[in-house]
Amino acid sequence: MKSTSYYKTKNIIVNSLIHLFLLSVAITCLYPLLWMVSSSLKTQEAIFKDISFIPHQFHLENYVRAWQEGGFGGNFLNSIIYSVCVVFGIVIISSMAAYAFSRFRFPGRNLLFIMFMAAMMIPIPGSFVALYILLNKLHLRNTPIGYILCMINVGLSTSIFLLKTFFDKMPKELEDAARIDGCSKIGIWRHVALPLAKPVLAVVVVFNALNVWNEYILALIIFDSRKYMPLQVALQTFQGEFVTNYPLLMAGLTITALPIIIVYLLMQKYIVKGVTAGAIVG
Amino acid sequence: MQKAQSKVFMYLILVFSSVFIFNLLGCSSGKPQSIAKATITVWHWMTDREPSFQELAKRYEAKTGIKINFELYAPSDAYTQKVRAAAQGFNLPDIFGILGEKRDFSSFIKAGHILDLTSYMEENNACWKNSFFEKALAVNEFSEGNSYGIKAGIYGVPIDVMTIQMLYNKNLLKNLGLNPKNPPLTFQEFIEIGKKIKAANMAGLVSGWGELWMIDCFANNYAFNIMGKDKVLATIRGEVPYTDPDWIKVLSLFKDMRDSGVLATGLVTMVNKTAEQLFANEKAVFAFNGSWCVNVYKGMNPNLDYGVMLPPQVSDRYPINIWGGAGSSFMVNGRAKNKEEAIKFLQWLTDRDQQAYLAEATNNLPANKNSISKIPVILAQFANGMDYATHPSIWGVSEFSAVIEAWGQGIQSIILGEKTPEQVASGVQKIKARELAKKRNRNP
Amino acid sequence: MKFKSTLENYLFVLPAVVIFSIFYVIPFIWVFQLGMFDWDGILPTKVFVGLGNFKEIFLQDPNWWQAMRNASYITFIALTFQNALAFLLAWACDREIRLKNFYRVVFFIPPVLSEIVVGMAWRFIINDIDGANIINRTLMNLGLGQFVHNWLSDPKTALTTVALVHSWKGFGWGFLIFLAGLQTIPRELYESARVDGANAWQSFRKITVPLMVPVIVLVAILTILGTMQAFVLIIGLVGGELAGHTSVPVLRILASMRGSSRFGYACAQGITFGLVLVIISFIQYRFSKRTRQI
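Protein chains in written order, with my numbering: chain W, 1 to 282; chain R, 1001 to 1444; chain P, 2001 to 2294.
If you are wondering where the hints come from, they were derived from the structure by calculation, not from laboratory data.
Don't take every hint at face value.
Stated by the list, open to error - So, partial list: chain P residues that the calculated Cβ filter (under 8 Å) puts toward chain W:
| no. | residue |
| --- | --- |
| 1 | F2012 |
| 2 | A2092 |
| 3 | I2177 |
The beta-carbon is built from N, C-alpha and C at its ideal position, and this holds for glycine as well.
Could you put together the complete structure from these sequences and hints?
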């Protein structure tokens, strides 16, 4: 029978190794973020000459300039509206569809699901032109709702796939109990399935929020008015044909990264359910 | 918890529906209202010039009361897609530019998207036409009997001019023990400097050779130098194979440059912006870049001491040619409602004063030859190269894209040390033969 | 009654199907039939070539297949290195350890960062003249000078380097999904296993892995689909296709569309690409089904 001190030292060594591993990966992840922020505080001249992480002078005005020159005010709001609407739409629509694919029987169920899967796998390059013409015909081209519907479609397949996988794994007892209690299908979906699927829903939210937030080419093609453009399009003003204003670009990118990080921070709590007792395995 | 959740739920529904309603309202107000004076919309991709354009728009409106709406869509790749999509939907603005090759330009004309400007150029004794540098206009012109099937004429308006030449850093040349007043004039001298550069562990030539078109430009300059314009065009037409010794000579130049160490490491992984950044920060002795770089370098290192020269000649038989001509051009939508106003605006934009303003504000060469007085010294050096300038758009024939791609990638392979000039030449010729066969099958 | 129930079922999938039909199926049909034309994207007239484009892709386009091979290589690295890393990190963070929240946030930073920043920042570390080249310098300081290399400019190492950076950028997603999956395994199972005398490796093998198999398959499929379509990072790191060494299918399609203005051909390439992805996913799905039954 090995002594407790053996287990204790073994624990300490194992834990230290794990921490070392985690820390080294974490440092590589932080580095580009720090590089971006530190570049945003330098000047165009200093940015490649001064390679130290901490700039000699902190040019915080880059952020103000980036905000003003990039016309960030309205575009920032647009991006937020688009992201919220698209994410909201996808969460409702894809969770309903995924739940149906997982729990219900109806003719054509498998065929429809396969079509969604195929859509996920067959990207259509040049679909921008097709969408442009389509939206034109629907008179939805230069409108936010047209853009939102397109973006909902973009994330639909993957979200359905993610949700269905998790619904399949979910134990059915709670749903059966609710059904016996007389709950309608919509009720079960809303009160039983969705709360249980919080971790996956959080992933779906983050995934789609990131996609919409970072999207710019579809927006650039289908919008004609500056007032509808999302943030990423505004950011392109710093990446000129010839001159790239690096510090302002980095400042702009930092500003752009912040909301997504905030969304992630909010969502990742749901991904972690309350973990209670003893999780040190081994 | 439940209550908070439903609250969030309700809130989100509120936001969603209000946006929806907002849009339905927005939809109706989006319909065109009858405006007293016309508005001209211009789509462009030139981020650096947006402030100058906005200023000019203000001046024009003050002068004529006509509102000019400059809309910027960047980067240029995205702009190209937008223009193509809008063309499909017949939604092009009054004025826009075409990025891409002459072939695409001709397709746009055939599709009716571009107005023929010849009559406007020729009126009043060709007053408008003659204000431009000849080579600037040539890029926008289709000559008699061109191979694109377009009626001869002028279809675009250049708003600036550029040349692509070689640059050298005077300080670094001094460090190498060379006289910055005498930059290398022959290819042999250039190679010799390469050996010195290698020994001093410095970086030699930088350029955006990760982008194939820049390699094509450089190679083409030397092709003209070695075999002359006629043979080059004959090759494009399919009359001379790429396995011809002259072409192998062109390819060997890259091998010689690589062996001598005059090329910077990682040259073929650079996009032009990376190369510009390196040259601006005095990390490279030579650069191969276009006149737009003046503005870029000024922003990154105003104290950069550099000079402009033609690529060092390798042969005396034919002159070395550089690529130059119109930098950016604007076209008028063939279906525009306000054609006359659009043309008037372009005439004003390319007028002497406005061109001088643009040249000064953006450090680019003006297209109007009367505006050349106030440009900085270094730009003047670029302008001097105009006499030697040519451009694929004015040759009247285009090489197959597959061939250009194989050519560029082949040169990259040579620089990487993976293929020999002969291997690349035969590979390119194979693709040329295939493309020619395809063309013959299609048009028997 | 049954009819009403079935109708209800359809209503659940209706919004998804409607949006999908309008915004995916219609463009897909347009692109699909365009693959059979020779068109430059601008002219009002198109030339019908039937299966000519597809024939060309399969028989006369070695660049395309090189691009496919390169993308498969990057995907292979992603499936192994990236996902193994993600799984390990998720497993490590699943336990009660300090700084757990910190790690959870930090590991998701790479996916959030714009590819421009990632390309520039990594070029800075790896590249010789336009960066500080920390890696080579560290190697030299450690006395491992013979390993110093032009990671990005040497065609032999360029693709692997790009693949590694891509894996670095992507592991955050796998980490997230694996973590979510690990969290749904009831703690009681581990507890009872421990009581029964199982050690860490055994509970990992007998409890964790079998319960995580559907998640692993999910992540694998998403990895394949995402990585095969990668291209922005390649431009940021090596400027282009590096004489074909770092070609990927999307770059080839873009070259067809913009470079040679062969819109129809680009559509055909896109369809071919999609078909290959479908076949790969199908094979993978069958394979995983079979292993699950063992």
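Evaluated hints:
Checking F2012(P) against chain W by beta carbon gives a least distance of about 4 Å; that is within 8 Å, so the hint holds. For A2092(P), the interface hint holds, the least distance from its beta-carbon to any beta-carbon of chain W being 5 Å, beneath 8 Å. The beta carbon of I2177(P) comes within 6 Å of a beta carbon in chain W, closer than 8 Å, and the hint placing it at the interface holds.
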